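Chemist: Spelled out from the first residue to the last, the chains are:
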Amino acid sequence: GAGVSQSPSNKVTEKGKDVELRCDPISGHTALYWYRQRLGQGLEFLIYFQGNSAPDKSGLPSDRFSAERTGESVSTLTIQRTQQEDSAVYLCASSLGTEETQYFGPGTRLLVL
Amino acid sequence: GQQLNQSPQSMFIQEGEDVSMNCTSSSIFNTWLWYKQEPGEGPVLLIALYKAGELTSNGRLTAQFGITRKDSFLNISASIPSDVGIYFCAGQGYSGGSNYKLTFGKGTLLTVNP
Chain A
213 GAGVSQSPSN KVTEKGKDVE LRCDPISGHT ALYWYRQRLG QGLEFLIYFQ
263 GNSAPDKSGL PSDRFSAERT GESVSTLTIQ RTQQEDSAVY LCASSLGTEE
313 TQYFGPGTRL LVL
Chain B
6 GQQLNQSPQS MFIQEGEDVS MNCTSSSIFN TWLWYKQEPG EGPVLLIALY
56 KAGELTSNGR LTAQFGITRK DSFLNISASI PSDVGIYFCA GQGYSGGSNY
106 KLTFGKGTLL TVNP
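Protein chains in written order, with this note's numbering: chain A, 213 to 325; chain B, 6 to 119.
In short, the hints are calculated from the structure, not lab data. Since the structure is predicted, the reported quantities are computational estimates derived from the model, not experimental observations. Where a beta carbon is used, it is the ideal one built from N, C-alpha and C, also for glycine. Don't take each hint at face value.
Said to hold, decoys possible - With beta-carbon atoms standing in for the labels, derived distance ranges:
(1) A/Q292 / B/G64: 42 to 52 angstroms
(2) A/K229 / B/P44: 35 to 45 angstroms
(3) A/G309 / B/E43: 23 to 33 angstroms
(4) A/G252 / B/N80: 18 to 28 angstroms
(5) A/K227 / B/S82: 25 to 35 angstroms
(6) A/R321 / B/Y55: 42 to 52 angstroms
(7) A/P273 / B/L114: 24 to 34 angstroms
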């Protein structure tokens, strides 16, 4: 497809379990971003990749959150030992370059019971 | 951290009416963006503003980048039912900060009554 894709679209998990969220950016986009959107809120920046490197992890809420990117393509956001407050929509975006327009995927809706 | 104040939080209007929403910031941004988000989807870029004072239109949408670079507004003229959604402002590239990170407002929920 031409756009950013994310999987799964929905995830329900139990408190304490680990989850992995996947993002496939637009082909050729070197920059990739993860954002979190809590109910009724705007998007919060989590982490930014330039290529496979993450120069800015400042938005990650805790050390339970981590992300990686391989092949300058797919990225995975991992949340360990999930908590109920982790319930949110996790959105991925990609852009051609760092200051270019960011295109968003449809998001993964995470519910931690 | 940076914060954007977006208002109103929600609007319920009749089809055909004009709509106005705005964002203000305590910081100067280099770029202002307006996104629309529909249920189950990610935000889609509507308009990007790059210069202070810039007024840009995209169909029935018009947005302006404030002279102080700390505010922006979005107008929608002659609203139609498919305008329904959440509209977000976002600032990019603030003084002393990064040029890639987007700072979002909390959104304006627009409902259009046919």
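Chemist: The structure should be examined with respect to each hint, and the outcome stated for every one.
Modeler: Hints, verified against the model:
1. A/Q292 / B/G64: 42 to 52 angstroms: 45 angstroms, holds
2. A/K229 / B/P44: 35 to 45 angstroms: Hint violated: Cβ distance 27 angstroms, outside 35 to 45 angstroms.
3. A/G309 / B/E43: 23 to 33 angstroms: 27 angstroms, holds
4. A/G252 / B/N80: 18 to 28 angstroms: Check passed, 24 angstroms falls within 18 to 28 angstroms.
5. A/K227 / B/S82: 25 to 35 angstroms: At 48 angstroms between Cβs, range violated.
6. A/R321 / B/Y55: 42 to 52 angstroms: Roughly 33 angstroms apart at Cβ, these two residues miss the hinted range, so it is violated.
7. A/P273 / B/L114: 24 to 34 angstroms: 25 angstroms, holds
In the structure shown, a violation is registered for the earlier hints numbered 2, 5 and 6, in ascending order.
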